[in-house]
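As given, the protein sequences belong to chains A and B, one line each in that order. Here the first sequence is numbered in our numbering, starting from 1 and rising by one per residue. Here the second sequence is numbered in our numbering, starting from 134 and rising by one per residue.
Misleading hints may appear alongside valid ones.
[What the hints assert, rightly or not] To be clear about the criterion: a stretch of chain A counts as covered by chain B if any three or more of its residues have a C-beta under 8 Å from a C-beta of chain B, and this derived list gives those stretches:
1) 38-48
2) 80-87
3) 111-122
If you're looking for bench data, these hints aren't it; they were derived computationally from the structure. Computed from a predicted model, the values in this text were never measured in an experiment. The beta carbon of each residue, even a glycine, is placed where N, CA and C say it ideally should be.
Chain by chain, the residues:
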Amino acid sequence: MSQPASSPHATAWTDHRVETWVGIMLRTGVLLAAAIVLIGGVLYLVHAHAAPRPDYTHFHAEPPAYTTLSGVFHGVAAFDPRAIIMLGLLVLIATPVARVGMCVVGFFFERDRLYVLVSIIVLLILLYSLFFH
Amino acid sequence: MDPLLFSLILLVSALAAGLLGALSGLGGGVVIVPLLTIVFHVDIHYAIGASLVSVIATSSGAAAAYVREGFSNIRVGMFLEIATTLGALVGAWLTTRVPTHAIGLVFGAVLLYSAYTSLRQHHDVLTRNPDALAVRLRLKGSLPTGTRDGQATHIDYVAQHVPAGFGLMTAAGVLSGLLGIGSGAVKVIAMDQAMRLPFKVSTTTSNFMIGVTAAASAGLYLRSGYLAPALAMPVMLGVLAGSLIGSRLLVRVHVRTLKIVFAFIIVALGVEMIASNLKGFL
Chain A
1 MSQPASSPHA TAWTDHRVET WVGIMLRTGV LLAAAIVLIG GVLYLVHAHA APRPDYTHFH
61 AEPPAYTTLS GVFHGVAAFD PRAIIMLGLL VLIATPVARV GMCVVGFFFE RDRLYVLVSI
121 IVLLILLYSL FFH
Chain B
134 MDPLLFSLIL LVSALAAGLL GALSGLGGGV VIVPLLTIVF HVDIHYAIGA SLVSVIATSS
194 GAAAAYVREG FSNIRVGMFL EIATTLGALV GAWLTTRVPT HAIGLVFGAV LLYSAYTSLR
254 QHHDVLTRNP DALAVRLRLK GSLPTGTRDG QATHIDYVAQ HVPAGFGLMT AAGVLSGLLG
314 IGSGAVKVIA MDQAMRLPFK VSTTTSNFMI GVTAAASAGL YLRSGYLAPA LAMPVMLGVL
374 AGSLIGSRLL VRVHVRTLKI VFAFIIVALG VEMIASNLKG FL
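Same shape as in the complex, but just chain B (with noise of 0.2 Å):
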């Protein structure tokens, strides 16, 4: 295939990625792997350091939006980056000692573990008790809940459970560095679920802070050789034009049909990606 039509190909095959990924709040990185691999037969290696890119470029395409509506928390965000830096560091250093096929089923239980959660309920269960580590470290934070009688309103919270949101970011950090994605998936457990955030605080501050988990990696991936240009930029650019069009769109399409599609999608190249790298170890 001559380089220009290769090219448009995997230009419009990551601008749909980064599109569905917007609609669908699960964001379009963590299906790029996948396609790479299973659809071009691109090597790992460059398969997630296309991704890395363009998950940066997500995250910080998108962040601008995110602030203006309030809800992301900055110290929360600063202050759990040192785990998911830390962690990072860990796991782009795996990515140079672990077999591709490793690396490969680590990818395809992620893929089924995000399309479980994107289909998950979420309820807020939210408390003020004034956990002491959490207050001394300022994780605290009010949420717009809109406006009544003319007032703006809004509900306090306080994170809990910090050292163990810590260690739940530690271990994002390492799946992004080990797979090239921004591991949203995870973060977004770690403070819903660990820290008890409010669910809109969790995505805004975790989508923040993902351009800075990804940019721990890329120095490594850049040393080693992962970052192709002439394939990570379709790549790039097509799921940031893609991301930047959903996040647009949004408002008009059914969301909750687009999250089970989009669900399947992903559950279907994690079975292929688990199978495929375990006949690589048989």
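One chain only, chain A, in its complex shape (with noise of 0.2 Å):
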């Protein structure tokens, strides 16, 4: 896998470079996902003392306010704390999709077809379960 740092391609493209660019993005991902979901989370309980706890006893799906993408967009843009921990949540689900779509430009760079192929076809699924499914 990653080469020893006495390689004569140390400098190219390679299994931990590309590695440690996906490391670096993932964690940055996380903790900007965190970040948001905080500021979301304080929002709502500064202004949640006066109504009740929502009731998880029970299930009864989110309103389409938190399940579609519009919904959350319009919610942040009105500065509803929900919709705002739901961004959080939105960019944290992005992140390891993103971790995918670096690959395929990090096995282009490494002039690697087959794995190349091999991210597509995950990147392509995890769009379908995001978007279709």
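Starting from the two chains in their separate frames, assemble the complex, guided by the hints.
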């Protein structure tokens, strides 16, 4: 897998270099998502005192404002704390998808055609699951 | 209970779950669903939604550290993600069709199984037998084993039994989508037992795959309304913080004792889930 540091290819696109970039990207995505969720959470709790706690003991599906992209974006524009939390969760869900996208590019620069194809298949399954499933 | 107090209790519980999960190597995700359903009486659909986002967060948050160590194998991971994401599509779809008590029963069984695998001893059975399919798919690598005489040493490995590993990974994906967990235990079995990859490669590559696998269920969870923002918020933040703290503390605690303690907690939760859901059927 990873080339030793003394490798003549150390400056070219290697697995280890791709993995390092992927690791940095994943961490950035998660920290960004956590920060957005935290901001939404603090706003929610500041405003939630008056309202009763939502009932989670019976499942009744969240309203469309929190189950669709357009609903969440409208909510964020209206400064709805729960929509801001959902935006953070969407950033979190997008992070591994972006990771697979980065691997497509990384394998392309490594000239590994087989794994460009494999990562494109995974990416297509993920996009299907997010938008059509 | 007022929302602030409820969120704080959830945050602290999730933090403890993430901490124990990281320290024992079992992952905090597996106890989130029983914690929410048994202790907080949350419906299992909301529970698996909150668990799924926590699992994506911990997997992605830990990946940077694993990459640095150089054990994970991105080709093995990417190839097997075809299986886990397809499985997750099926699993997530099943949550909209299968009765709640059936989900609870399967969950209980997976808890017992995870506890069992966590206590098993691991022996790497490495082979350099050039399995034709694995070589064509480049499912091989070299594992750093430390240094000798100032030189970095490593062991080369080639995956075995690729179709069996692929099949087990599909099952791991179904469980992940059905239960909102990473199903790391099944992933490790597929790589470690079936494909004969070194244990360190199996565990770190499994962790690397968990985020992508879970993301394949997230779309349907979102559209089905399983992601309750005010519930997922303290759970996700707590598990993430707990697991990040846990991975820093790892060197300073006795892992074996902790593993046994955590395994007992998991067995208790598994038995309780099976019992309460069997009652629901009768």
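Each hint, compared with the structure:
Interface restraint, the region 38-48 of chain A with chain B: holds (6 residues with C-beta to C-beta distance below 8 Å; minimum three). Counting residues of the region 80-87 of chain A whose CB lies closer than 8 Å to any CB of chain B gives 4, so the stated coverage by that chain holds, three being the minimum. With a cut-off of 8 Å between beta carbons, the region 111-122 of chain A has 7 residues touching chain B; three or more are needed, and the interface restraint holds.
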